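Sequences and hints are given; from them, build the entire structure.
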Amino acid sequence: MKTVLCFGDSNTYGQVPGGTPLERFTPEARWPGVLRHELGVGWYVLEEGLSGRTTVHNDPIEGDLKNGRTYLRPCLMSHAPIDLVILMLGTNDLKARFGQPASEVAMGIGCLIHDIKELASGPSGKIPEILVVAPPPMLDDIGEWQGIFAYAQPKSHQLAHDFEVVADSLEVHFFDAGTVITSDPADGFHLSKDAHETLGKCLAQEIEAIGWGD
Amino acid sequence: MPDMRFAPPNPIRIADRSSGMNAVSVRSYNERLVLSLLLQTKGMSRMDIGKKTGLSAQTVSVIVRSLEQEGLIAKGEAQKGRMGPPTIPLSLKPSGAYAVGISLGHRQTDVVLIDFVGQVKAHKTLPALEPSEPTNHSVLVETVRQAMEALPKKEIDRIAGVGLALPEDSHELALGPAGMAGRYGTISQEIEEALGIEIYVHNDITAAAAGESMFGAAKSMDDYLFFYLGARLHHRLVLNHQIFQSSVQTSNPVGLLSLEEHLQAHGQAGDALWNRSSDCPDFGGLTSHWIDRCVLELSSSLSSASQFLPLSTAIVSSSAPREICAELASALEKMHPGVSVIAGELHSSPKAVGAASLPFSSKFVVES
Chain V
1 MKTVLCFGDS NTYGQVPGGT PLERFTPEAR WPGVLRHELG VGWYVLEEGL
51 SGRTTVHNDP IEGDLKNGRT YLRPCLMSHA PIDLVILMLG TNDLKARFGQ
101 PASEVAMGIG CLIHDIKELA SGPSGKIPEI LVVAPPPMLD DIGEWQGIFA
151 YAQPKSHQLA HDFEVVADSL EVHFFDAGTV ITSDPADGFH LSKDAHETLG
201 KCLAQEIEAI GWGD
Chain D
1 MPDMRFAPPN PIRIADRSSG MNAVSVRSYN ERLVLSLLLQ TKGMSRMDIG
51 KKTGLSAQTV SVIVRSLEQE GLIAKGEAQK GRMGPPTIPL SLKPSGAYAV
101 GISLGHRQTD VVLIDFVGQV KAHKTLPALE PSEPTNHSVL VETVRQAMEA
151 LPKKEIDRIA GVGLALPEDS HELALGPAGM AGRYGTISQE IEEALGIEIY
201 VHNDITAAAA GESMFGAAKS MDDYLFFYLG ARLHHRLVLN HQIFQSSVQT
251 SNPVGLLSLE EHLQAHGQAG DALWNRSSDC PDFGGLTSHW IDRCVLELSS
301 SLSSASQFLP LSTAIVSSSA PREICAELAS ALEKMHPGVS VIAGELHSSP
351 KAVGAASLPF SSKFVVES
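If you read the protein sequences in the order shown, they are chains V and D.
Mapping of the first sequence onto this note's numbering: position 204 corresponds to residue 204, and the numbering continues sequentially without gaps.
Mapping of the second sequence onto this note's numbering: position 113 corresponds to residue 113, and the numbering continues sequentially without gaps.
If you're looking for bench data, these hints aren't it; they were derived computationally from the structure.
Computed from a prediction, not measured in an experiment: that's the story for all the values here.
Built from N, CA and C at the ideal position, the CB exists for glycine as well.
Incorrect hints may appear among the rest.
As the list claims (entries may be wrong) - Pair ranges (Cβ atoms, derived):
| id | chain 1 | residue 1 | chain 2 | residue 2 | range |
| --- | --- | --- | --- | --- | --- |
| 1 | V | Ala186 | D | Lys80 | 33 to 41 Å |
| 2 | V | Lys126 | D | Asn240 | 29 to 37 Å |
| 3 | V | Gly40 | D | Ser28 | 30 to 38 Å |
| 4 | D | Lys52 | V | Ala96 | 31 to 39 Å |
Unchecked claim - No more than 27 Å apart at the CA atoms, straight line, and that leaves these computed lysine-lysine pairs for DSSO-like:
| id | chain 1 | residue 1 | chain 2 | residue 2 |
| --- | --- | --- | --- | --- |
| 5 | D | Lys80 | V | Lys2 |
| 6 | V | Lys193 | D | Lys80 |
| 7 | D | Lys42 | D | Lys80 |
| 8 | D | Lys75 | D | Lys219 |
| 9 | D | Lys363 | D | Lys42 |
| 10 | D | Lys124 | D | Lys80 |
| 11 | V | Lys201 | D | Lys80 |
| 12 | D | Lys154 | D | Lys42 |
| 13 | D | Lys363 | V | Lys117 |
| 14 | D | Lys75 | V | Lys2 |
| 15 | D | Lys334 | D | Lys121 |
| 16 | D | Lys121 | D | Lys51 |
| 17 | D | Lys363 | D | Lys153 |
| 18 | V | Lys201 | D | Lys51 |
| 19 | D | Lys153 | V | Lys126 |
| 20 | V | Lys117 | D | Lys219 |
| 21 | D | Lys153 | V | Lys2 |
| 22 | V | Lys2 | D | Lys52 |
| 23 | V | Lys126 | D | Lys52 |
| 24 | V | Lys201 | D | Lys42 |
| 25 | V | Lys201 | D | Lys75 |
As the list claims (entries may be wrong) - Reference excerpt, derived from the structure (chain V facing chain D, CB under 8 Å, subset only):
| id | residue |
| --- | --- |
| 26 | Gln146 |
| 27 | Thr179 |
| 28 | Gln205 |
| 29 | Gly211 |
Next comes the structure, spelled out in structure tokens:
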């Protein structure tokens with residue numbers, strides 16, 4: 001049996017667009033759940049989504065616990081051995097409080113890739129396969145979130161390109177979710193149930209395309 | 001000193017790739033590995049590619065993504081497996097790259113434009129040069145230009161180069177007008193200057209073998225004896241995809257020229273012999289004598305080569321219509337049980353298509 005770790009933010013957690021973190025899609029409806037269904041019995045799918053998670057930043061407002069980097073290592077260790085790590089982060093790094101250009105967010109993703117490689121928590125101490133997923137761009141209208149995400153929308157359109165540059169130079173898998181889904185208009189940056197469904201199916205194909213042998 | 005792990009990522013690999021601007025530049029070794037495989041076999045999955053190349057899944061992922069964005073390869077329809085999500089086959093994209101091939105002969109000059117999977121998109125035949133004419137190079141250059149411009153404008157940049165197949169056999173050179181051989185020397189330079197495109201020059205028989213190897217009958221074969229039926233009969237030994245050519249290589253007079261003379265002596269025109277894509281007229285048994293002689297020569301070469309190495313395959317390629325190759329192939333096969341003899345599969349001039357394969361070999365294929 002193979003293990004895939006889905007490491008992400010509220011869009012991996014399955015937060016309902018326009019809702020609060022307490023409103024969450026059911027396990028079957030969230031993309032890791034769709035993935036579980038698509039991949040079948042040969043795969044163990046782990047969900048590690050946290051609302052507000054950043055790549056590498058301690059959030060001065062929401063707290064240090066939102067830092068993806070500090071949580072990733074114990075998380076990998078708790079779930080080892082892991083065959084595949086999916087990283088879908090980046091949107092929260094675009095909050096005004098961090099003041100980061102898209103290229104720096106991509107550097108944050110690169111940092112997580114280095115950590116995963118260094119820890120080598122794959123089978124027999126190998127490096128797991130790593131799949132970077134660029135989140136779909138934010139919509140222009142994000143309602144009352146505009147202050148928190150001031151200047152974020154144009155950057156959100158650059159994430160896919162900059163993530164791919166990092167994925168290429170570090171030789172890891174890459175998928176641009178923006179090619180198959182869009183953000184939901186209810187708040188402009190979360191994913192609808194349909195989007196979760198589509199994303200789960202597409203990622204299952206991406207995982208299959210990696211090729212796993214026996 | 002800064003921690004180099006966190007130096008800015010190197011964007012060179014994907015710089016401009018979506019524009020396809022650098023698509024036909026010389027590729028890295030690993031990219032060539034992947035492209036070579038896809039030239040041989042279409043519809044491979046990333047896992048197949050990883051297994052055959054020994055590259056890691058992540059490296060294959062990066063290369064495939066890059067080649068896909070540059071328009072050199074494309075995903076096929078997802079194939080539903082017995083279990084799990086469907087797998088996605090990868091193939092070369094026909095419009096990913098093009099090449100022009102020119103074959104020069106005493107009788108005619110063939111110019112073809114082929115796409116990345118070897119389909120002939122344009123083919124023009126120029127008549128032989130009259131002995132009195134000083135040169136036909138300007139006509140040739142113009143024909144090459146027209147073949148290139150037959151492509152949509154945005155695809156002209158995807159022409160990887162021009163291949164030139166030159167005869168070197170002294171008997172065949174002697175068939176042309178005096179001084180023809182000397183003029184061949186300047187053609188590549190003339191085309192390069194007029195069209196500003198890279199030229200790859202090769203021996204014509206070796207080019208034909210390269211064409212059958214990349215796009216024709218020998219696509220999936222490693223070792224075989226290659227026969228080419230031109231004005232005379234030629235042969236090459238191919239081992240592990242490598243075409244060997246000896247400096248003392250000789251041709252045999254049992255070629256199309258002798259067949260044509262035989263037909264003419266019996267009042268038949270032999271023009272169709274020189275046109276690969278023509279229907280072979282019924283010569284009413286006139287060819288059988290020649291076929292017998294030719295098969296004896298083929299058989300003798302095959303027997304000689306078999307003394308030195310176990311050969312299980314021979315290929316008979318020609319500019320002549322397919323029926324003639326097929327007849328030779330089946331007759332030869334009967335004489336050599338255990339050897340499979342295959343008629344060439346290229347639809348138009350194998351020398352010209354082979355010439356066009358040269359820029360692809362040079363830029364996209366690993367040396368085996």
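Hints and how they fare:
no. : hint                              : result
1   : V:Ala186 <-> D:Lys80: 33 to 41 Å  : holds, 34 Å
2   : V:Lys126 <-> D:Asn240: 29 to 37 Å : holds, 33 Å
3   : V:Gly40 <-> D:Ser28: 30 to 38 Å   : holds, 36 Å
4   : D:Lys52 <-> V:Ala96: 31 to 39 Å   : violated, 50 Å
5   : D:Lys80 <-> V:Lys2                : holds, 21 Å
6   : V:Lys193 <-> D:Lys80              : holds, 25 Å
7   : D:Lys42 <-> D:Lys80               : holds, 17 Å
8   : D:Lys75 <-> D:Lys219              : holds, 22 Å
9   : D:Lys363 <-> D:Lys42              : holds, 19 Å
10  : D:Lys124 <-> D:Lys80              : violated, 43 Å
11  : V:Lys201 <-> D:Lys80              : holds, 13 Å
12  : D:Lys154 <-> D:Lys42              : holds, 25 Å
13  : D:Lys363 <-> V:Lys117             : violated, 34 Å
14  : D:Lys75 <-> V:Lys2                : holds, 26 Å
15  : D:Lys334 <-> D:Lys121             : violated, 36 Å
16  : D:Lys121 <-> D:Lys51              : violated, 34 Å
17  : D:Lys363 <-> D:Lys153             : holds, 22 Å
18  : V:Lys201 <-> D:Lys51              : holds, 25 Å
19  : D:Lys153 <-> V:Lys126             : violated, 49 Å
20  : V:Lys117 <-> D:Lys219             : violated, 40 Å
21  : D:Lys153 <-> V:Lys2               : violated, 49 Å
22  : V:Lys2 <-> D:Lys52                : holds, 23 Å
23  : V:Lys126 <-> D:Lys52              : holds, 21 Å
24  : V:Lys201 <-> D:Lys42              : holds, 25 Å
25  : V:Lys201 <-> D:Lys75              : holds, 17 Å
26  : Gln146                            : violated, 30 Å
27  : Thr179                            : violated, 12 Å
28  : Gln205                            : holds, 5 Å
29  : Gly211                            : holds, 2 Å
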